[in-house]
Amino acid sequence: MPAAISERPGRYGSKGTVGSILLQMFLILFAFVQIYPLVWLAFFSLKDNSEIFSGEVLGLPRKFLWSNYVKALSEGNVLTYFGNSVLVTAATIVLVLILSAMSAYAIARMKWKLSNATMTLILLGMMVPIHSALLPLFMVLRNLNLLNTYWALIIPYVAFGLPIAVYITASFFKSVPREMEESAVMDGCGVYRAFFLIILPLVRPALATVAIFTFISAWNELMFAVTFINDTEYQTLTVGMMSMVGTYITHWGVVGAGLMIATIPTILIYLLLNKQVQESMIAGAVKG
Amino acid sequence: MDRVFSNKRDIAVFVGPTLLLFVAIVLVPIFVSSYYSLLDWNGIGNGKFIGLDNYVEMFTDSRALNSMKNSLLFAAASVFFQLPVSLLLALILASSVKGEGFYRTVYFIPVLISTVVIAQLWSKIYNADYGLLNTLLKTVGLPDLASDWLGQRKTALVASFIPILWQYVGYHMLLMYAGAKSISSEIIEAAKIDGASTIRTAFSVIIPLMKPVLKVSLVFSVIGALKIFDLIYVLTGGGPFFVTEVPSTLMYTTIFDTFRYGYGSAISVFIILECLVFTIVINKLFKTE
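Here the protein sequences come in this chain order: A and B.
Going letter by letter, the first sequence gives residues 121 to 408 in this note's numbering.
Going letter by letter, the second sequence gives residues 1056 to 1344 in this note's numbering.
Hints should not be assumed to be uniformly reliable.
Said to hold, decoys possible - Under the rule of at most 20 Å between Cα atoms (straight-line distance), these lysine to aspartate or glutamate pairs were calculated in the DMTMM-like manner:
| # | chain 1 | residue 1 | chain 2 | residue 2 |
| --- | --- | --- | --- | --- |
| 1 | A | Lys183 | A | Glu171 |
| 2 | A | Lys233 | B | Asp1065 |
| 3 | A | Lys231 | B | Glu1155 |
| 4 | B | Lys1209 | B | Asp1199 |
| 5 | B | Lys1063 | A | Glu302 |
| 6 | A | Lys395 | B | Glu1155 |
Stated by the list, open to error - Among chain A residues calculated to face chain B with C-beta under 8 Å, some are:
| # | residue |
| --- | --- |
| 7 | Leu147 |
| 8 | Leu219 |
| 9 | Ser223 |
Keep in mind the hints are simulated off the structure, nothing from the lab.
The structure presented is a predicted model; accordingly, all values stated were derived computationally and were not measured.
Note that CB positions come from ideal geometry on N, CA and C, so glycine has one too.
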């Protein structure tokens, strides 16, 4: 069959032909490949070892073992890791939004000699891998006694999140008509009020894009998290997942439950806002 | 009006904090790392200045060279296996097939999941005794193919490439899809009216017009491969016998396990320069064409 298709390439894609059926089969197969490992994870997070190891890979759990989740959350410390991830990620998002919106506004709208140079500098920053900062930051944080604090993660996450955020918001500011803020200023509004009350609400889509993008990178970050934090009390989910897996190496179900708990927030956000998430990932890619 | 928007103090308030953080946390450490890379230093006391010795060691040490080779192989695997699949999927989905939105949404899901979770999941998939892969092989009657995928020198490297290729196929698919969708349908219609087949239209009309997004994808997949850390660190830690080691994991163990801060910094500087060079080269390639 495939040979016949390749001889008549013009027909694939048109509806109702053998080609379009094969095309759908290919797409479904690929969807299966992309999603099946995750379904397998969801299933084994609800099983006990004897069922997981029985070799029945496709099956739904015979009995849904929610106790795996309870165990992961309490004994496995996942509740602590989860709370830390929420706190660090939320603080990072808020700070990135405020700082990037303000500086993007200054760069796009205010009149000063170095605004273009500043933008170029920040754009260059988008290419810097975090590797170069790892050891210098570690030394500074250690000397300031900031290792094993939330700030040890929030500050670097914000700094490395800013370049792309400034880029995205600045391009939005450029599309806002100048008359808006000019009339606001005419009416006696100061720059600050004009910015926070008039301009910021207009660029809400850009802020949403930045928030989503920042969420994904902060929630999933590992290298800084594993280096700057070794106290369980402050560990985030990515690091916690590594140590939990070590502790529960023989209890696949509990490990699976932990991995699911780490993943569910992202999946929920994606299911609720999938179009916006996709758009923000596209916007985040302009930097190439 | 201009006076309101050029008040120096206001500008400083708006842009100052960002600039300060950016310079202190993103820029200055590059120079600090470059300086560290010239030292023989274990982090205690003052390091000894040894010039470029760390770099000489990096380019003569077989372990370091092997890690560089691995990351280049990784980049090649991304470019020659992952991107073509992404492109194919993007072109199919952009041609308005049934279920376009559904497939796009599903293919993209792995991109959003933490690489740590992906690595833990795949270590279970590869597990020699109970893993998904070996169980499937046994189920379909090929028990002889079952293997300790990550534990064997022969298979460990390829086995550690696959999860990341799998994870990011959807990412490049999405970028390319957006690029293909932005091509005006009139151009594609015109090609069709001229009698071009679907495949011919794809190769001579759509793909050439996707050049900007293809460049972005290429840069991202190459740079991403050169920087890769999370997946290898969690999945294999660079083992067995350093077979799967990449520059980032080597940098990490050099600094934090063997406390050779100078040598580790040299590796980090190498990674930055490598990324920079590849970005410039790819941009140049796309310009001259």
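Status of each hint after checking the structure:
1. A threshold of 20 Å between alpha carbons decides the hint, and for A:Lys183 with A:Glu171 the separation of about 10 Å falls inside it, so the pair holds.
2. At most 20 Å may separate the alpha-carbon atoms for a hinted pair to count; A:Lys233 and B:Asp1065 meet this at roughly 14 Å.
3. For the hint linking A:Lys231 to B:Glu1155, the alpha-carbon distance of about 45 Å lies beyond 20 Å, and the restraint is violated.
4. The straight-line distance between the Cα atoms of B:Lys1209 and B:Asp1199 is roughly 16 Å, inside the 20 Å bound, and the hint therefore holds.
5. Straight-line distance between C-alpha atoms of B:Lys1063 and A:Glu302 comes to about 18 Å, which keeps the hinted pair within the 20 Å bound.
6. Note on A:Lys395 and B:Glu1155: the hinted pairing holds, with a Cα-Cα distance of about 13 Å set against a maximum of 20 Å.
7. Look at A:Leu147: its Cβ gets to within about 5 Å of chain B, closer than 8 Å, so that hint holds up.
8. For A:Leu219, the suggested interface contact is upheld, since its CB lies about 5 Å from the closest CB of chain B, less than 8 Å.
9. Nearest Cβ of chain B to the Cβ of A:Ser223: about 4 Å, under the 8 Å cut. The hint holds.
Hint check: a violation occurs at hint 3 only; the rest are consistent with the structure.
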